[in-house]
Amino acid sequence: MIVGKRLNSIGVFICHCGINIASIVDIEEVKKQLSVYPGVEFVKDYQYMCSEPGQLLFKQACGSGTVEGVVVASCSPRLHETTFRRAAIEAGMNPYRIEIANIREQCSWVHRDEKEKATEKAVDIIQSVIERSKRNESLTAVSIQTTKKALVVGAGISGMQAALNIANSGVETYLLDREPSIGGRMAQLSETFPTLDCSQCIMTPRMVEVGQNRNITLLTYSDVEEVSGYVGNFKVKVRRKAAYVDWDTCTGCGICSEKCPKKVPSQFDRLLGHRKAIYSPFPQAVPNKTVIDKENCLYFKTGRCRLCAKACPLGAIDFEQKDRIEEIEVGAIVVATGYDLYEKEKIEEYRIGYCEDVVDGLAFERLLSSSGPTQGKVVRPSDGTVPKEVVFIQCVGSRDPNNHLPYCSRICCMYTAKHAMLYKHRVPDGQPYVFYMDIRSGGKNYEEFVQRTIEEEKVLYIRGRVARLYRENNKVVVVGADTLSGKKIEIRADMVVLAMAMRPSGGIEELSKKLKIQIDGNGFLAEAHPKLRPVETLTQGIFLAGCAQAPKDITDTVSQAGAAASMVLELLSNEELSHDPTTSWIDEELCAGCGQCVSQCAYNAIELDEKKKKAHVNEILCQGCGACIVTCPSGAVHQRNFTMSQYYSMIESLV
Amino acid sequence: METVSYMPGCTLKTAGKNFEESAIRLLEILGVTVEELERWFCCGTTYSLSSDNLMNHLAPVRTLLRAKETGRRELLVLCSMCYNTLRRTQDLVLHDQEKRDKINEFMYREETTFSGDEVRVVHLLNYLKDNVGFERVAEHIIRKPSDLKIALYYGCMLLRPEEVSIDESSEDPVIMEELFSSCGIEPVYFPFKTECCGSYQTVNKIDIVLSRAEQIIDSAVNNGADMIVTSCPLCYHNLDSSQERLADTVFGFRNIPVIYISQLLALLVGAGDAADYSLHSVDPRPVLKEKGLI
Chain A
0 MIVGKRLNSI
10 GVFICHCGIN
20 IASIVDIEEV
30 KKQLSVYPGV
40 EFVKDYQYMC
50 SEPGQLLFKQ
60 ACGSGTVEGV
70 VVASCSPRLH
80 ETTFRRAAIE
90 AGMNPYRIEI
100 ANIREQCSWV
110 HRDEKEKATE
120 KAVDIIQSVI
130 ERSKRNESLT
140 AVSIQTTKKA
150 LVVGAGISGM
160 QAALNIANSG
170 VETYLLDREP
180 SIGGRMAQLS
190 ETFPTLDCSQ
200 CIMTPRMVEV
210 GQNRNITLLT
220 YSDVEEVSGY
230 VGNFKVKVRR
240 KAAYVDWDTC
250 TGCGICSEKC
260 PKKVPSQFDR
270 LLGHRKAIYS
280 PFPQAVPNKT
290 VIDKENCLYF
300 KTGRCRLCAK
310 ACPLGAIDFE
320 QKDRIEEIEV
330 GAIVVATGYD
340 LYEKEKIEEY
350 RIGYCEDVVD
360 GLAFERLLSS
370 SGPTQGKVVR
380 PSDGTVPKEV
390 VFIQCVGSRD
400 PNNHLPYCSR
410 ICCMYTAKHA
420 MLYKHRVPDG
430 QPYVFYMDIR
440 SGGKNYEEFV
450 QRTIEEEKVL
460 YIRGRVARLY
470 RENNKVVVVG
480 ADTLSGKKIE
490 IRADMVVLAM
500 AMRPSGGIEE
510 LSKKLKIQID
520 GNGFLAEAHP
530 KLRPVETLTQ
540 GIFLAGCAQA
550 PKDITDTVSQ
560 AGAAASMVLE
570 LLSNEELSHD
580 PTTSWIDEEL
590 CAGCGQCVSQ
600 CAYNAIELDE
610 KKKKAHVNEI
620 LCQGCGACIV
630 TCPSGAVHQR
640 NFTMSQYYSM
650 IESLV
Chain B
0 METVSYMPGC
10 TLKTAGKNFE
20 ESAIRLLEIL
30 GVTVEELERW
40 FCCGTTYSLS
50 SDNLMNHLAP
60 VRTLLRAKET
70 GRRELLVLCS
80 MCYNTLRRTQ
90 DLVLHDQEKR
100 DKINEFMYRE
110 ETTFSGDEVR
120 VVHLLNYLKD
130 NVGFERVAEH
140 IIRKPSDLKI
150 ALYYGCMLLR
160 PEEVSIDESS
170 EDPVIMEELF
180 SSCGIEPVYF
190 PFKTECCGSY
200 QTVNKIDIVL
210 SRAEQIIDSA
220 VNNGADMIVT
230 SCPLCYHNLD
240 SSQERLADTV
250 FGFRNIPVIY
260 ISQLLALLVG
270 AGDAADYSLH
280 SVDPRPVLKE
290 KGLI
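Listed in order, the protein sequences are those of chains A and B. First residue of the first sequence? That's 0 in numbering that gives the first Met the number 0, and the numbers climb one at a time after it. First residue of the second sequence? That's 0 in numbering that gives the first Met the number 0, and the numbers climb one at a time after it.
Simulated from the structure, these hints should not be mistaken for lab results. All the pointers check out, no bait thrown in.
Reference excerpt, derived from the structure (chain A facing chain B, CB under 10 Å, subset only): (1) Ile346; (2) Glu347; (3) Glu348; (4) Gly352; (5) Asn401; (6) Asn402; (7) Arg467; (8) Leu468; (9) Tyr469; (10) Glu471; (11) Asn472.
Quick caveat: nothing in here was measured; it's all calculated off a predicted structure. C-beta atoms are modelled at their ideal positions from N, C-alpha and C, and glycine is treated no differently.
Whenever a hint applies, use it, and build me the whole structure from the sequences.
Dropping the structure here:
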């Protein structure tokens with residue numbers, strides 16, 4: 000263990016904090032006792048050390064050259080440690096020679112009725128910090144170069160928004176999505192609440208903007224394969240999945256899809272429509288390129304066909320194409336992987352009623368969409384007739400901690416109102432019913448929208464749960480309760496729309512492991528702090544946006560994406576990243592290479608060098624929490640300015 | 000030849016004799032000897048929910064003690080009521096130490112105590128699935144009905160509460176469907192399979208039972224079933240005996256025979272020739288004859 004030179008002259012400042020400290024602790028008595036304490040050069044006091052004149056006093060003493068270290072006895076270091084350390088830098092003193100002795104939260108505030116004892120305790124606290132201060136080293140902040148590029152994973156509305164904000168600030172941005180086109184869920188929607196703006200109409204200009212932005216490189220039809228490195232310097236391996244079409248040549252003319260003989264249910268249309276085995280997910284796709292779905296392609300299955308290759312005027316079809324791994328380097332990552340719907344097969348009490356005419360909310364969006372499989376005509380998927388009685392059920396799978404998901408999916412109340420309203424617009428003589436638990440319409444103009452649905456559109460809202468669905472004579476019978484009238488309700492519906500709960504999109508767990516970020520109890524990506532750091536993760540340099548973090552609507556998603564982008568820009572705005580040097584370090588002489596510290600570190604800051612069998616701390620990632628120190632069985636981990644000898648001397652001065 | 004301990008309960012000795020007889024014959028053919036407990040007690044028919052009066056649990060615990068004394072790990076039950084009360088009592092004793100101690104203290108004259116995990120209460124359907132195996136049941140089938148359509152009816156006591164359900168899903172169970180599908184009989188679509196039959200309301204509020212039975216029977220008939228197959232004696236009673244009155248009061252009401260799972264299975268494995276149908280109010284024999292089963 001390295002024990003530095005002891006500092007022999009310490010200056011002490013005592014803050015009165017108005018009456019917060021001074022009315023309990025006898026400042027004069029403390030001064031008297033400390034002035035004779037070994038190593039103390041002077042003791043000064045002031046009403047408010049954090050104020051302008053207090054700081055001046057502090058700076059003069061630091062700059063005078065008479066003291067080697069300073070102890071400020073005041074409030075918690077959480078409040079003003081940074082203030083005093085900055086002042087020290089201005090005065091020309093190493094900031095890590097400033098220590099705070101907390102005599103407010105840990106003394107005066109908690110011992111209001113015992114003034115004498117509080118005074119005694121204040122002296123003890125300050126003396127112990129003086130002891131620690133004597134063994135402080137001058138440290139300099141750690142710094143590293145950053146790569147001024149960003150990666151956004153997921154190209155739905157949140158990923159697109161984040162990428163645009165970052166790219167428009169001049170930072171090169173990669174935008175990755177596993178689908179062939181950007182657009183995500185919003186591209187599937189018909190119209191949006193509460194304004195009934197057509198989703199495609201407001202979204203496609205954004206998509207074009209993304210596609211044409213010089214600072215954005217699209218990595219569609221790609222997966223994140225591996226992530227290494229750390230904040231400012233991530234290395235990401237990206238798997239560019241084989242499209243079996245040379246995208247540099249393909250112009251998206253669509254002749255190949257026309258000629259393709261194989262029809263496949265379209266995922267984009269929620270299986271209500273069809274696409275071909277060579278396809279582009281929707282007409283407005285960006286990039287407008289086609290891919291071959293290998294599972295369904297006749298050539299891949301039988302070795303015969305190749306009609307697309309014959310039809311392509313540019314010869315872009317390439318059956319020999321293989322997945323490629325591309326490596327990119329970025330300084331920051333935004334994860335915006337979006338959501339899926341909870342599977343309706345998991346709702347056992349409704350299962351016996353399932354048929355083609357019981358659809359989820361996204362499928363109904365496709366039915367309403369003018370670019371959907373029915374060109375926006377609301378018809379029953381089973382027989383193409385116009386449904387005259389439609390039942391909408393809210394909270395399917397949500398808010399059901401016993402059987403399904405405990406949380407509220409937040410958007411269902413609004414989109415169900417929108418569905419009912421749009422249905423009524425398309426089928427004016429139809430009757431929509433909505434079963435609801437509560438109506439949660441918090442948001443600008445949201446409540447007004449729901450009221451309009453109920454009052455002007457005459458949608459029948461029934462407060463209660465649906466217990467069962469079953470099929471009878473080509474209809475779906477909905478059995479539920481009206482809890483306001485206390486009556487059992489049965490509706491013979493032509494169609495049923497289930498507002499399925501929202502859950503994080505598939506594959507989020509593997510991705511979170513690759514990125515070393517955490518997942519919360521419900522499977523969503525965990526933010527660093529629910530209130531004050533909602534777009535950061537605990538892994539520095541990785542940020543969250545959109546429904547990957549929690550259910551939210553488009554408005555909130557776009558806002559959060561902007562916030563994530565601004566965090567990225569803040570991070571990348573400096574040439575170098577500097578970091579508090581009070582990190583831990585490994586004494587390689589003592590390290591046995593057991594790796595226990597590696598698994599304990601919440602910030603993935605420790606790596607085990609397999610060759611040397613020694614642990615190594617990444618100073619940029621280390622947050623100085625000390626978990627590794629207490630874990631190490633050989634006592635090989637130390638932390639700068641938090642050494643064992645400092646702790647022992649503090650304890651010695653106290654007992 | 001396997002042997003299994005068996006608790007019949009009161010109904011199976013009286014109104015449900017046809018259930019017991021057919022089940023025992025069926026199991027015999029499948030290579031299982033059924034050994035009735037020498038002494039057993041009334042299960043109480045409904046599981047008592049009062050938390051301080053443990054008296055109601057004593058009879059089921061005594062039955063379980065007798066089962067424990069046979070040295071066998073399993074206790075076969077046919078009646079849904081007995082299954083429900085015995086399983087729930089067993090769970091109570093197993094998970095609630097305070098109540099277990101109190102119950103055991105009360106029965107100080109017993110030679111042994113019951114701690115809840117010595118005996119497993121098993122319903123016939125689970126026994127056929129897990130111990131015998133549906134494939135083995137299918138192997139024994141010697142008679143194939145011609146185009147027999149059945150509506151499989153579970154009722155509630157085998158499914159609720161969820162913890163004692165005989166199927167993974169208490170909302171949409173499939174164990175009976177699996178059993179009969181493996182025997183080559185396809186059940187009809189029957190969404191009322193778990194609907195309540197009205198249960199003991201049959202004693203004093205028969206109207207409730209009649210309206211429920213009407214709905215359930217209508218659904219079975221409308222979906223093309225030739226008969227309703229159930230395993231609960233109370234459901235059987237409510238669905239079968241109410242048809243006489245329904246036929247008198249409901250215009251256009253169509254009768255449908257109700258039989259026990261074991262009665263149908265016994266016929267399939269060739270053990271139903273001596274079967275007694277005198278207890279049925281809707282005689283199933285015409286349908287059975289038409290489908291070539293008798």
